[in-house]
Amino acid sequence: MLILNKNINFNYVFIKFLFTVQSLNDTNVQLLNIFMRDNKLTMINWAKDLFPICRSITGEGTRKTLTYFEKLNPEFKRLKFKTGQKVFDWIIPKEWNIKNAYIEHSSGTRFAEFNKCNLHIVGYSKPINRNISKKELLNYIYTQKDQPNSIPYVTSYYKERWGFCLSENQKNKLPDGNYKVFIDSSFKKGNLDISHAILKGMTKKEIFFSSYVCHPSMANNELSGPVLLNAIMLYIKSNYPKSKLTYRFVLLPETIGSIAYLSKFLKVMKSNIVCGFNLTCVGDERTYSYVSSRKGDTIADYAIKTALLDLPNVKKYSFLDRSSDERQYCSPGIDLPLCAFSRSRKYPEYHTNKDNFDVVTQEGLMGSFKVMKKIVDVLELGIYPKTTTFAEPSLSKKGLYTTLSQKGKYDDARWLRMNLIAYSDGKTNIFKIAELLNEPLDNLCKEYSILKSKKILK
Amino acid sequence: MLILNKNINFNYVFIKFLFTVQSLNDTNVQLLNIFMRDNKLTMINWAKDLFPICRSITGEGTRKTLTYFEKLNPEFKRLKFKTGQKVFDWIIPKEWNIKNAYIEHSSGTRFAEFNKCNLHIVGYSKPINRNISKKELLNYIYTQKDQPNSIPYVTSYYKERWGFCLSENQKNKLPDGNYKVFIDSSFKKGNLDISHAILKGMTKKEIFFSSYVCHPSMANNELSGPVLLNAIMLYIKSNYPKSKLTYRFVLLPETIGSIAYLSKFLKVMKSNIVCGFNLTCVGDERTYSYVSSRKGDTIADYAIKTALLDLPNVKKYSFLDRSSDERQYCSPGIDLPLCAFSRSRKYPEYHTNKDNFDVVTQEGLMGSFKVMKKIVDVLELGIYPKTTTFAEPSLSKKGLYTTLSQKGKYDDARWLRMNLIAYSDGKTNIFKIAELLNEPLDNLCKEYSILKSKKILK
Amino acid sequence: MLILNKNINFNYVFIKFLFTVQSLNDTNVQLLNIFMRDNKLTMINWAKDLFPICRSITGEGTRKTLTYFEKLNPEFKRLKFKTGQKVFDWIIPKEWNIKNAYIEHSSGTRFAEFNKCNLHIVGYSKPINRNISKKELLNYIYTQKDQPNSIPYVTSYYKERWGFCLSENQKNKLPDGNYKVFIDSSFKKGNLDISHAILKGMTKKEIFFSSYVCHPSMANNELSGPVLLNAIMLYIKSNYPKSKLTYRFVLLPETIGSIAYLSKFLKVMKSNIVCGFNLTCVGDERTYSYVSSRKGDTIADYAIKTALLDLPNVKKYSFLDRSSDERQYCSPGIDLPLCAFSRSRKYPEYHTNKDNFDVVTQEGLMGSFKVMKKIVDVLELGIYPKTTTFAEPSLSKKGLYTTLSQKGKYDDARWLRMNLIAYSDGKTNIFKIAELLNEPLDNLCKEYSILKSKKILK
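Chains as they are written, first to last, in the working numbering: chain A, 1 to 458; chain B, 1 to 458; chain C, 1 to 458.
Among the hints, a few may not be true.
So these bits of chain B aren't anywhere near chain A, every CB distance computed over 12 Å [stated by the list, open to error]:
(1) His105
(2) Leu199
(3) Ser238
(4) Lys409
(5) Asp425
(6) Pro440
Taking beta-carbon pairs under 10 Å as the criterion, some of the chain C residues facing chain B (in silico) [to be verified]:
(7) Pro393
(8) Ser396
(9) Trp415
(10) Thr428
(11) Leu436
Below, simulated EDC-like cross-link-like pairs (lysine to aspartate or glutamate); rule was C-alpha separation at most 20 Å, straight line [as the list claims (entries may be wrong)]:
(12) C:Lys455 - B:Asp89
(13) A:Lys407 - C:Glu349
(14) C:Lys427 - B:Glu104
(15) B:Lys295 - C:Glu435
Please keep in mind that the hints were generated in silico from the structure rather than gathered at the bench. Every residue, glycine too, gets a C-beta built ideally from N, C-alpha and C.
One chain only, chain A, in its complex shape (with noise of 0.2 Å):
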């Protein structure tokens, strides 16, 4: 189930050369694709790797994650949170571990089977033993009416309790007569587990990337989330070694793992990044989405607004529907520059079991890829561009302007060339710029790039 270790340097050596390209056009996306699915590294099945495992906010499930991806991007460190450490205004929990669980008609056939689908115990259920009524049993039993085909997804957050999720029509067909209930879980102080690498680059200045591991058996939400976060820590480091900005990555469970590590690293993280996302179903092929900080007007608002400029299907959240770690990262006092982004956020098969493989699909993930590809690309040119001279250059002489004057010869990207270099004040950021010129990142990019060769924009 774990990747195949020893390949990993001729691995590296394959995705430098198909990331070396200056930008991502669909040859080359077709071709690391096929790179990918042949190499065992698409995202894809590193998702379906990992598909199989029980994770909750602490436990096992969650290190066997990490340790996946530890072995993926060597970089990340482990870091640990014990229970009853205060972060903030909480209390890191007990861990919780399951080994298995199921209930027990008096027949002997067995419903909601831990190993068949962990969604099927409530997250957090302590351990029973125990033979009920079938009356007592449907007390314990989770639905979604709404859905009747779906078994919900189901957590306990830090009350002892115990319970099943079964679909609405397993629950109505479910024999008369007594049952066993058994769960074989078990509290105990430990940890909370966090992994998290910083790639150092020549500046201080940090993008943040942040994705979470709590969930159990769900694709979209939250596997995605975090191959994408790895995918995008591999391309850096084969196509940036010597990045010009540093990048801070960092898996760690919802909302509790986000609180801890900012109660951590908060100083640091406030002074140096300027630039953030949290990544969270990212997976899907229907729609880009992003929700906006809390002011909306950083530099992550207008990387992913401008960065989803040209494709289809955009949805815009306000920090008001928020509901992943931007909860936290934009909470006031803290404030980072940092936008959720997503494929789709309200989705049918959300928090089900039905958020499976028929929702991610590596053509979802690698959109998603695209999008902060293209980001990281603009970042890595340049935040804020500025011009090298007082007034217009003479781009004539610099093979960049027609030296013959009439009317209706100028070609398109004169007003491209003009235009970028007319907002290169040094204070305009060049996700703003592209938002002024409604001109899609690709192409200003090309475009600065160009300048940037000659001299002309630094």
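Using the hints, position chains B and C against chain A.
Below, chains B and C alone, put in the same frame as chain A:
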């Protein structure tokens, strides 16, 4: 005609009882109405008491009006500005008093009798006692041609003239012949009177209420304003005996009164006032309206805008359409954070004898009272809410968040709770948060109270 | 062809007489038109005088043009930048001069004769005297295919080439056979010439007008701009001999001229200029238009926007659509508070021989003159009006407010008067006030004059 002073302590106890309930719900409002009616303490009764008095910029009528309110709220102190005193660009005028006036036909029939309606005499008319022809008389008669049954309210500002006001129909029926015109008025060196009160709170920060007492027998413009101001004052004294904020109340003649008052208190007002309202035309039931401050972005603007969020028929007037003392309070260099608050500012009965108790009702006044009460309650709760911890607080351990997570099972309160917390950064005023969340002030404040009591916000 | 110099003093007296009236109403404009026509001083006549001259970036034609204006406004001083001099990122090119040019068919028939229309020769063509086949010749012929009857204006920028311009129809009628191509032009080390004038006022604050003189025989682009600039200069000298503000006028070749000028005067221009206009294509009667400054919020933006408030067919161009010297004046780090002002910026005759006096008329020029005059009048009146007292001034004692208050009897002036005062806080520029009040500049200024004369505003 004056209030039963002996009951005042008893009344206070009742008022306090009624107001100590958290919010002025419909039952409370009904109880308060009944109590006020039975004890002759209703705002409408105060207005009816004061209606017959002939007020003007200066003189006995205005003093009598101020004395009435000083008995209702003994904290009022009288300020006097002497005739001839310079206040900014203005000079305090002579006192004008009037005892009687009428037009008498040679047949003995009298018209435009002061004793029947004091609007019949042009304000600041000089004394006259003369026989004149009907033809000459007509030069001194003012009517409102577009409203032929109404007697208009006409005043001369600082130029000595005389005149009578009739309805157009009355004028047309004046019999031929000769007339005696009689006005027993006088000008003398005297004072311009102002009543003001300061209820000291725990901080110097001031909330300011102003209204004016210079109009003769009209109900909405102007008695509604002063009676509402006095009801607010009673409410604050009984409900916030140890108020957090300081409250400044002032009753004065319009324009020159507010200019005189500002000339004396500008420095302290500019340094302390954080929110203010000029109360005018607050007694009808037709609409709710307000006039923005000069720049439209003060706490008062946000407060009144959001206090009216869930009311029907709300009208916002631009500062360009101001017409009362907000002209002075918001003038360049003064720029107090103040809005004018009204029910209807433009209505057909305005400045005629039809502005009476068909227009102004206790229900209309109570509507205005509820709006101002809501704002006071919010201000006392806290202007700039701030979280007590970094990141989101742990709400489930405080019983403020479900301990079981399943999609579709969150209550509506969660949205409001989480978003109020998210914007409580200590820099965004509570009214602006209400606007951001598009949430009625009542709901927002209920939530704010809960979060304050749990020490999540301060 | 040149102006009758002996009349100039006489003319000044007349111009002064015409301009001393408060505002340029229709009668005045008519008088001014008659006067200008009869004295050969009309802008249109200046343009007609200059039309035949073959101007370019450098050379005799441009010098002759500048000399003409220097006689009209003797305050102009000549600046010279030597061939080879570096100005920011640019190098002053060699002087180009041309005496004669034509294409001669072996039959002796001549085409594209310089003496008939100087647009026939590609600007900056190198000398040539050679016999070639028709086939080869066609490689050197430029036409405007989408306008088959028009001769296009084509220029080579700093690359030595040669060519002729014909209408598409002329080209198609060229007879078969051999041709002699003859261009008697020359390149030499010389100068780039600029004329500028500074009319010193009582303060250092400068108003800046720029136009360009590098286009051969075309009327709207460009002669309209320079002649308007000279008319404005005459107006200011005659009407504001002791102007409050300093005025800077400059005539230069487009692009390299403004870059050269900025390279010499950037510091003083940045520190002194408060409002500026680049005048281009200001002679037709079709529309009024302007190009915003880079950020769109300078005094010039407010000035031109409100000066056009009551005119029909106004078009605002984004800075992204700039095309003339505003490109330099508003570039990053220079950022002068300047807009381009035009009548029509995009018109079919643009950059062809059809841009003649069918397009440009005296009426069109006078329309532009009136707009600029209006702005100058406002600027001289005062940029930041400020009240001389706190609170509203006592207007009735100054005869500026009715002394009798009755509803519906206030005149319209009251609204304008009170609101102009209300926004005269010394921080809001008069044009922004015009925008806030949505009030034509003429009305606003009339009111401002009254209030200044009464010492209510300063």
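Now for the hints, and whether the structure bears them out:
1. His105: holds (72 Å)
2. Leu199: About 32 Å separates Leu199 (chain B) from the closest Cβ of chain A, which puts it past 12 Å; holds.
3. Ser238: Given a closest Cβ separation of 35 Å, the condition holds.
4. Lys409: Answer for Lys409 (chain B): violated, closest chain A Cβ roughly 9 Å.
5. Asp425: About 3 Å separates Asp425 (chain B) from the closest Cβ of chain A, which leaves it inside 12 Å; violated.
6. Pro440: Correct as stated: the minimum Cβ-Cβ distance to chain A is 16 Å, above 12 Å.
7. Pro393: holds (5 Å)
8. Ser396: holds (5 Å)
9. Trp415: Where the cut-off is 10 Å and the nearest Cβ of chain B is about 8 Å from Trp415 (chain C), the hint holds.
10. Thr428: This interface hint holds because 9 Å falls under the 10 Å limit.
11. Leu436: holds (8 Å)
12. C:Lys455 - B:Asp89: Given that 20 Å is the threshold and the Cα spacing comes to 11 Å, the pair holds.
13. A:Lys407 - C:Glu349: holds (11 Å)
14. C:Lys427 - B:Glu104: violated (57 Å)
15. B:Lys295 - C:Glu435: holds (14 Å)
When the structure is compared with the earlier hints, violations turn up for hints 4, 5, 14 and for no others.
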